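Undergrad: Below are the chains, spelled out letter by letter.
There are 2 protein chains.
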Amino acid sequence: MEIAVIGLGSMGLGMACSLLRAGFSVTGCDPVAAQGERLAGEGGRVAATPAQACAGADLAVLAVINAAQTEAVLFGEEGALTALAEGGVVISCATMAPEAARRLAERTAAAGCHYLDAPMSGGAARAGSGELTFLVSGGGAGLDKARPALEAMSARIYELGEEPGTGAAFKMINQLLAGVHIAAACEAMAFAARQGLDLAQVYEVISNSAGNSWMFGNRVPHILAGDYTPLSAVDIFVKDLGIVQEMAQSARFPVPVSAAALQMFLATSGAGMGRDDDASLARLYAQIAGVELPEAMP
Amino acid sequence: MEIAVIGLGSMGLGMACSLLRAGFSVTGCDPVAAQGERLAGEGGRVAATPAQACAGADLAVLAVINAAQTEAVLFGEEGALTALAEGGVVISCATMAPEAARRLAERTAAAGCHYLDAPMSGGAARAGSGELTFLVSGGGAGLDKARPALEAMSARIYELGEEPGTGAAFKMINQLLAGVHIAAACEAMAFAARQGLDLAQVYEVISNSAGNSWMFGNRVPHILAGDYTPLSAVDIFVKDLGIVQEMAQSARFPVPVSAAALQMFLATSGAGMGRDDDASLARLYAQIAGVELPEAMP
Numbered sequence: 001m002e003i004a005v006i007g008l009g010s011m012g013l014g015m016a017c018s019l020l021r022a023g024f025s026v027t028g029c030d031p032v033a034a035q036g037e038r039l040a041g042e043g044g045r046v047a048a049t050p051a052q053a054c055a056g057a058d059l060a061v062l063a064v065i066n067a068a069q070t071e072a073v074l075f076g077e078e079g080a081l082t083a084l085a086e087g088g089v090v091i092s093c094a095t096m097a098p099e100a101a102r103r104l105a106e107r108t109a110a111a112g113c114h115y116l117d118a119p120m121s122g123g124a125a126r127a128g129s130g131e132l133t134f135l136v137s138g139g140g141a142g143l144d145k146a147r148p149a150l151e152a153m154s155a156r157i158y159e160l161g162e163e164p165g166t167g168a169a170f171k172m173i174n175q176l177l178a179g180v181h182i183a184a185a186c187e188a189m190a191f192a193a194r195q196g197l198d199l200a201q202v203y204e205v206i207s208n209s210a211g212n213s214w215m216f217g218n219r220v221p222h223i224l225a226g227d228y229t230p231l232s233a234v235d236i237f238v239k240d241l242g243i244v245q246e247m248a249q250s251a252r253f254p255v256p257v258s259a260a261a262l263q264m265f266l267a268t269s270g271a272g273m274g275r276d277d278d279a280s281l282a283r284l285y286a287q288i289a290g291v292e293l294p295e296a297m298p
Numbered sequence: 299m300e301i302a303v304i305g306l307g308s309m310g311l312g313m314a315c316s317l318l319r320a321g322f323s324v325t326g327c328d329p330v331a332a333q334g335e336r337l338a339g340e341g342g343r344v345a346a347t348p349a350q351a352c353a354g355a356d357l358a359v360l361a362v363i364n365a366a367q368t369e370a371v372l373f374g375e376e377g378a379l380t381a382l383a384e385g386g387v388v389i390s391c392a393t394m395a396p397e398a399a400r401r402l403a404e405r406t407a408a409a410g411c412h413y414l415d416a417p418m419s420g421g422a423a424r425a426g427s428g429e430l431t432f433l434v435s436g437g438g439a440g441l442d443k444a445r446p447a448l449e450a451m452s453a454r455i456y457e458l459g460e461e462p463g464t465g466a467a468f469k470m471i472n473q474l475l476a477g478v479h480i481a482a483a484c485e486a487m488a489f490a491a492r493q494g495l496d497l498a499q500v501y502e503v504i505s506n507s508a509g510n511s512w513m514f515g516n517r518v519p520h521i522l523a524g525d526y527t528p529l530s531a532v533d534i535f536v537k538d539l540g541i542v543q544e545m546a547q548s549a550r551f552p553v554p555v556s557a558a559a560l561q562m563f564l565a566t567s568g569a570g571m572g573r574d575d576d577a578s579l580a581r582l583y584a585q586i587a588g589v590e591l592p593e594a595m596p
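Line by line, the protein sequences are chains A and P.
For the first sequence, the numbering used here assigns the number 1 to the initial residue and increments by one for each residue that follows.
For the second sequence, the numbering used here assigns the number 299 to the initial residue and increments by one for each residue that follows.
FYI, nobody ran anything at the bench for these hints, they're computed from the structure.
Please note: incorrect hints may appear among the correct ones.
As the list claims (entries may be wrong) - Below, computed lysine to any residue pairings styled on SDA-like, alpha-carbon distance capped at 25 Å: (1) A:Lys239 x P:Lys537; (2) A:Lys145 x A:Ala109; (3) P:Lys537 x A:Asn208; (4) P:Lys537 x A:Gly196; (5) P:Lys537 x A:Pro254; (6) P:Lys443 x P:Gly341; (7) A:Lys239 x P:Tyr501; (8) A:Lys239 x A:Leu266; (9) A:Lys239 x A:Pro31; (10) P:Lys537 x A:Arg103; (11) A:Lys239 x P:Gln367; (12) P:Lys537 x A:Ala259; (13) P:Lys537 x A:Pro256; (14) P:Lys537 x A:Leu266; (15) A:Lys239 x P:Arg319; (16) A:Lys239 x P:Pro552; (17) A:Lys145 x A:Thr95; (18) A:Lys239 x A:Ala210; (19) P:Lys443 x P:Gly377; (20) P:Lys443 x P:Ala557; (21) A:Lys239 x P:Ala508; (22) P:Lys537 x P:Gln367; (23) P:Lys537 x A:Ala210; (24) A:Lys145 x A:Arg103; (25) A:Lys239 x P:Gly341; (26) A:Lys239 x P:Pro554; (27) A:Lys145 x A:Ala51.
Small disclaimer: the values here were computed from a predicted structure and weren't measured.
Generate the whole structure from the sequences, applying the supplied hints.
TA: Right, here's the structure in full:
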């Protein structure tokens with residue numbers, strides 16, 4: 001099966017490599033030439049535009065950042081749908097509002113293709129090892145066609161029904177929680193520093209207590225190491241908690257806890273750390289309160 | 299060794315029973331007569347006042363609710379310190395501000411006894427099975443004397459140094475996180491209901507995703523079952539996040555995320571659910587937004 005992968009960032013490149021390992025023929029496309037070269041080094045082909053990548057393809061995996069980029073690579077000039085085979089399947093992986101996913105699905109169907117609302121969970125490492133989690137809805141008959149490719153990229157696939165937008169909604173619930181937990185972990189660790197506690201001991205105690213979260217376990221080691229190299233950037237949650245707020249606003253649903261978390265991501269981004277690791281919220285708390293956090297080893 | 303257990307609520311009674319099973323001689327004391335009777339049924343003795351419970355005892359375990367109750371049972375009329383042996387050890391388990399623990403430790407030392415700042419983590423079930431976690435600081439030579447009793451009540455003891463107040467501070471960091479995670483879990487689940495998602499499926503997906511937390515896993519089943527029988531009441535976190543706010547205020551340290559969570563606990567308590575299970579925050583969100591949550595089986 002011929003598969004186009006549009007977007008070869010830290011996620012898309014890993015996904016393309018997982019597809020290659022599973023024996024699929026893969027053509028990738030990314031505005032950054034170096035990313036295409038890395039794919040070529042793994043045995044993939046490289047195209048200049050989404051349309052060229054999709055020429056002769058049955059499946060297009062969209063590993064771009066948001067709804068606007070997804071719309072552009074599908075429907076823009078030299079967009080994927082000008083070339084994808086009739087009855088082809090779009091696997092749309094960007095995190096976006098359910099309403100945006102529904103709109104893109106309608107337009108894709110009108111162009112004679114299937115739209116799979118398939119946001120994913122798991123970072124670059126799991127993209128590369130083919131161990132992502134997909135939250136999939138919609139796609140109709142296209143789901144069966146896409147399943148072998150999804151399986152090559154993932155450890156787990158949740159099939160969430162026929163409606164596009166459901167996958168997106170599940171992803172947003174996860175992002176609401178993940179964003180709050182990162183902000184809470186940073187608030188707690190900086191507050192612990194303010195109280196003069198041994199932060200490594202706090203990490204050990206909390207990891208074995210009811211205050212633990214997946215994000216606490218994953219992000220606090222960055223704080224302890226003083227290493228804010230971006231594994232996931234502050235601006236990702238500025239975007240994702242922003243989508244949560246828009247969904248909540250339009251549904252007239254109050255979300256005060258995630259609203260407070262968003263303000264801390266915004267503050268950290270505004271203070272110049274938007275592209276740093278999202279554990280940087282701890283640095284903002286520490287700056288505000290004049291508290292010392294661990295520094296990176298030279 | 300003779301041990302007094304002051305406070306025979308859901309935690310204290312279980313702790314007293316764990317001490318009895320380990321072969322200690324235990325005298326309990328609680329204003330609710332029925333709780334004393336339950337201890338007597340397990341082989342413990344019952345006293346009318348803290349002083350009577352401490353007559354002839356070397357150790358007093360204080361399993362009361364807060365700093366004010368701890369102060370009253372130690373220093374009030376018929377208080378424990380009027381009767382505890384010279385050089386005896388007070389194991390103080392209530393959650394309180396570090397400053398309160400330091401003050402109580404000073405006054406206990408002035409009365410010739412050791413004060414162990416020993417808040418605990420784990421619910422009634424683990425109290426009964428002797429599998430609590432203790433966060434212990436201070437106590438000096440008293441710690442060695444208390445260790446066999448602590449071991450009988452716990453699966454894990456973190457020894458956090460010589461300063462009373464450190465145990466309390468660790469506990470408050472845990473409560474900050476735990477409280478935020480409960481509020482986030484309730485916000486997310488009610489928001490998922492508003493989005494029309496299958497809540498059991500949301501629980502399953504999040505439990506296996508980066509949005510998971512210990513509290514999400516523990517509390518969301520109450521929401522799915524529509525069962526708000528209090529395992530841990532809303533008002534516990536009104537108290538504990540309230541202590542976090544006071545500590546933060548006095549340290550001039552901003553805690554916007556836990557402040558937002560506290561407002562939701564306060565709102566839920568104010569709406570009449572203070573003594574219900576803390577998963578009741580989900581009911582408040584649902585009431586506000588006119589969303590249906592699962593109801594309990596009749």
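Undergrad: Please go over all the hints and tell whether each is borne out by the structure.
TA: Evaluated hints:
1. A:Lys239 x P:Lys537: violated (34 Å)
2. A:Lys145 x A:Ala109: Given pair Lys145 (chain A), Ala109 (chain A) holds - Cα atoms ~15 Å apart, limit 25 Å.
3. P:Lys537 x A:Asn208: Satisfied, since the Cα-Cα distance of roughly 23 Å is no more than 25 Å.
4. P:Lys537 x A:Gly196: holds (23 Å)
5. P:Lys537 x A:Pro254: Status holds; Cα separation ~23 Å.
6. P:Lys443 x P:Gly341: holds (23 Å)
7. A:Lys239 x P:Tyr501: holds (24 Å)
8. A:Lys239 x A:Leu266: Roughly 10 Å separates the two Cα atoms, so the pair holds.
9. A:Lys239 x A:Pro31: holds (21 Å)
10. P:Lys537 x A:Arg103: Violated, at roughly 46 Å.
11. A:Lys239 x P:Gln367: violated (47 Å)
12. P:Lys537 x A:Ala259: Holds, at about 23 Å.
13. P:Lys537 x A:Pro256: holds (19 Å)
14. P:Lys537 x A:Leu266: Given pair Lys537 (chain P), Leu266 (chain A) is violated - Cα atoms ~30 Å apart, limit 25 Å.
15. A:Lys239 x P:Arg319: This hinted pair is violated, its Cα atoms lying about 55 Å apart.
16. A:Lys239 x P:Pro552: holds (23 Å)
17. A:Lys145 x A:Thr95: holds (22 Å)
18. A:Lys239 x A:Ala210: Answer violated: Lys239 (chain A) to Ala210 (chain A) is near 29 Å, above 25 Å.
19. P:Lys443 x P:Gly377: Holds: Lys443 (chain P) and Gly377 (chain P) sit about 21 Å apart, inside 25 Å.
20. P:Lys443 x P:Ala557: Status violated; Cα separation ~39 Å.
21. A:Lys239 x P:Ala508: holds (17 Å)
22. P:Lys537 x P:Gln367: With a Cα-Cα distance of about 13 Å, the restraint between Lys537 (chain P) and Gln367 (chain P) holds, given a limit of 25 Å.
23. P:Lys537 x A:Ala210: Distance ~17 Å between Lys537 (chain P) and Ala210 (chain A) Cα, so the pair holds.
24. A:Lys145 x A:Arg103: Roughly 22 Å separates the two Cα atoms, so the pair holds.
25. A:Lys239 x P:Gly341: With Cα atoms ~60 Å apart, Lys239 (chain A) and Gly341 (chain P) exceed 25 Å; violated.
26. A:Lys239 x P:Pro554: Holds, at about 19 Å.
27. A:Lys145 x A:Ala51: Distance ~20 Å between Lys145 (chain A) and Ala51 (chain A) Cα, so the pair holds.
In this structure, the earlier hints numbered 1, 10, 11, 14, 15, 18, 20, 25 are contradicted, and the remaining ones agree with it.
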